[in-house]
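The lines below spell out each chain.
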Amino acid sequence: MSLSRGELPRWVDYGLIPLLNLAAAFLVAGLVVIAVGENPLEAVELMLFGAFGYGEGVGFTLYYATNFIFTGLAVAVAFHAGLFNIGGEGQAYVAGLGVIIVCLALDQFMPWYITAPLALIAGCAVGGLWAFVPGYLQATRGSHIVITTIMFNFIAAALMTYMLVNVFRQPGAMAPESRTLEEGGRIPRLDWLFDWFGANLGGAQLNISFFLALIMSFLVWVLIWRTRLGYRLRTLGQNPTAAVYAGMRPPRLIMIAMALSGALAGMMAINEIMGVHGRLILEFAGGAGFVGIAVALMGRAHPIGIVLAALLFGALYQGGAELAFSMPSITRDMIIAIQGLVILFAGALEGLFRPAIVAFFNAQYDRRRAREAAQASSAPAGE
Amino acid sequence: MGGVSTFPIRTNSHGMTAASETPPNDGPPAGAPLAIELRGIDKRFGAVHANRDINLKVRKQSIHGIVGENGAGKSTLMSILYGFYEADAGDIFVSGNTVSIRSSNDAIAKGIGMVHQHFMLVDSFTVIENVMLGAEGAATLQAGREKVRRDLKNLSDEYGLTVDPDAIVSELSVGLQQRVEILKALYRGADILILDEPTGVLTPEEADNLFRILRQLRDQGKTILLITHKLREIMAVTDEVSVMRRGAMVATLQTANTSPSEIAEQMVGRRVLLEVDKGPAKPTEDALVVENLTVRDRFGVDRVKNVSFTVRRGEIVGLAGVSGNGQSELLEAISGIEAPASGRVLVNGKPLSHTGDPAEARELGMGHVPEDRLRMGLVKTFEENENSVLGYHNAEGIGGKVVIDVDAVRNHAKAHIEKYDIRPPNCRLKTANFSGGNQQKIVIAREMEEDPDVLLVGQPTRGVDIGAIEFIHKRLIEMRDAGKAVLLVSVELDEIFGLSDRILVMCGGEIVGERLPDQTDENEIGLMMAGIDEAADKAAQQTEAAQ
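As given, the protein sequences belong to chains A and B, one line each in that order. If you count by the numbering used here, then the first sequence holds residues 1 to 383, one letter each, in order. If you count by the numbering used here, then the second sequence holds residues 1001 to 1547, one letter each, in order.
Because the hints were derived from the structure by calculation, they are not lab data. Every residue gets a Cβ at the ideal spot worked out from N, C-alpha and C, and that includes glycine.
Using C-beta positions, here's what the derived DEER-type ranges look like:
(1) THR140(A) x MET1235(B): 51 to 57 Å
(2) PHE154(A) x PRO1204(B): 55 to 61 Å
(3) SER1353(B) x LEU344(A): 48 to 54 Å
(4) ASN39(A) x MET1120(B): 52 to 58 Å
(5) THR140(A) x GLU1136(B): 42 to 48 Å
(6) LEU1141(B) x LEU344(A): 30 to 36 Å
(7) VAL222(A) x MET1120(B): 38 to 44 Å
(8) PHE154(A) x GLY1134(B): 41 to 47 Å
(9) PRO355(A) x VAL1099(B): 21 to 27 Å
(10) VAL222(A) x ASN1411(B): 17 to 23 Å
(11) GLY1349(B) x THR140(A): 33 to 39 Å
If you want the footprint, here are the derived chain A segments under chain B, 3+ residues with CB under 8 Å:
(12) 221-229
(13) 245-252
Next up, chain A with everything else stripped away, as it sits in the complex (with noise of 0.2 Å):
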């Protein structure tokens, strides 16, 4: 056999295990579920049934789980390049002022699909630009880019709260939002899909941003490993001594890296303005960027792990909301708390069970070994 003892075949180490994980971290989440005396069976199937079950519950998880794969991408682009992005969000937040630029300049003059290219040119360059900053502070004043994204997150939430209250609210209006956007500046909705399916998408703000979610975990796949420029990231990321001595030019794949990683962030942009909410409103980011970091993680920051994650979140939130709302003493805080656990057990804990595996695959190893030499001496020898 090709694996010697140690190795574990790729469908334990890629699938096994992360399933043995979220066992264990639904395990005690259901533990905390009869701790408030609910039945978590019963919790189970409510989340999986909100999640899964009908045709609305669907397209919610998919609209959850867009958020989560841009925002996953991004900080896996990042991360290949040895750079911790923390600041997916404020990017996020940000990106929308590019994007309700481009939708209010044009909703009324032009129909969506061309505003939405353009909307999200504008969108990925101030995501992008929003990222560069800090990018270009650790690049040439080694300002850590932990330290600056997160500190970026606030200086986004700042100035969006600004541009809000003085510059995109209505005439009159108490709501710190922008108008809300006509036809032009609205992106389909997938009803189309589910009817092919014979579901209902109701009330669900699943569009089109799901399929270009997709595309971009495709390229980004492409960029790291199949691009002379997501060579380069990885070395970086890897070596960066190496990299100067390829020469690689480290300052300038630093700042590339960032404003890739603040585009992607960006693009959830489109997805809550021109896909769901018709209009900038608030906190529209609502912490995706912060969930893409265990996404990215949990994903191994490869972008079919990313989806995987992606949609795992999309589940969480989706399914966890229908459970709050079908048992009342189980709060919105603990399926937070639930999806906590899943972070820390898939994240956090993730070599928790390794060793148990490793141990039980080198028994087999090892009985496999002497069936074999068993048989060579029984046999006449010979190579």
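Following the hints, complete the assembly by docking chain B onto the known chain A.
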């Protein structure tokens, strides 16, 4: 290029048959008490059979050498003995008792101590604190510290291992740091000491000192296992030597009854040319010109002082010097990695930009085999094929402007693997899983196959086994004969003398002299390296003071 297409590391045709079929184990005399016995040790990593049915007997109170090429399985075997790995099969006996060693704590409990090639010291701690690590004694450090101080004093009296217990480790010389490692092992009660390539980082003087200590330890009852690939050390210090080849133990010899060439033959399975075979150089025009180059480090100290020299096409210029006298900085400045403070570098008559740009240097036709391949020349976590284009990742043959053609890269790597006999021949394998010699071949193949006009080579055979050394030396001579200019930086005088057509000696950041190899000897060069020369002496003192 293209003189030699493939170079077989191992041929069965001549030389080896007689040696390998003699009964291999004429080891220790029967009845001598054994410190360690290994029986039938077997270990696999994936497709790699690292240890095959190893039997080894180590006599008590002896210095036992283990030699073998890189990748022969020496380190794996010692890691099994020290509990880092568990053997798939086989038994370990310590002082005649069968033992199970599952962790380094088990090994320590059995009286086995290890001094690693790369020290396991906390740089910012004092000697005492380092020795205490893992044996602190109590919740507060005071009591432990006093005990360590007493014990260290006893140990240093007993074995002549003096070292200031309150010195900060990072301020000690490498030789003294190694001494701290040995003291650590002895403090934990080691009777059997394993030393893994202990002289790799030492100056010749420090190495001699180490050997003196090892002999003394043996004479006072310790058993020493010395892993090395330097035959001179084996001959100088060991009582017995076991030779490993491709995961198997092929011979155990009494050092007194053997010769370096016999050991070398056993190691690679054929006769080895310890001398480098080369014709006279036919140098032509200047290819690399270095003019008044000065390199300043970030503390403002001049590491390279106003250095000028040329390397012509068709010659190998050797740069000799004790490690740390500015050679590394000089190489980095020439290759564009560090920007020089002043002076300039010309390749084929064209000057490099002052800001330093390795990509530009490559474009002008400069290849660079860096001194420290893992720190600089390779990305350990990359697949082998990805490293085969490092630095040349913008080349046209491997894709378009944006996208890399992965198949082209892999084919590129496969060509290197075949031509340079890189093993295992798998371009998808992670680079970290190759042995040191093969990693070096990955770098050398990459830099040589781009057909540079100027080749900078830093420590080409550091941590590389004999078979690969011979191969690398041959390729360097071939580069020279193909009309390339080669600048060789090495701390191995043998290598400098064996390969160079001219020798430059560096000391204290300056070039203190130039000699022709047939008009000088190792003594003279050694003295120049040590700065026994008025001007050089002064320069060395300045660096010292600056540090």
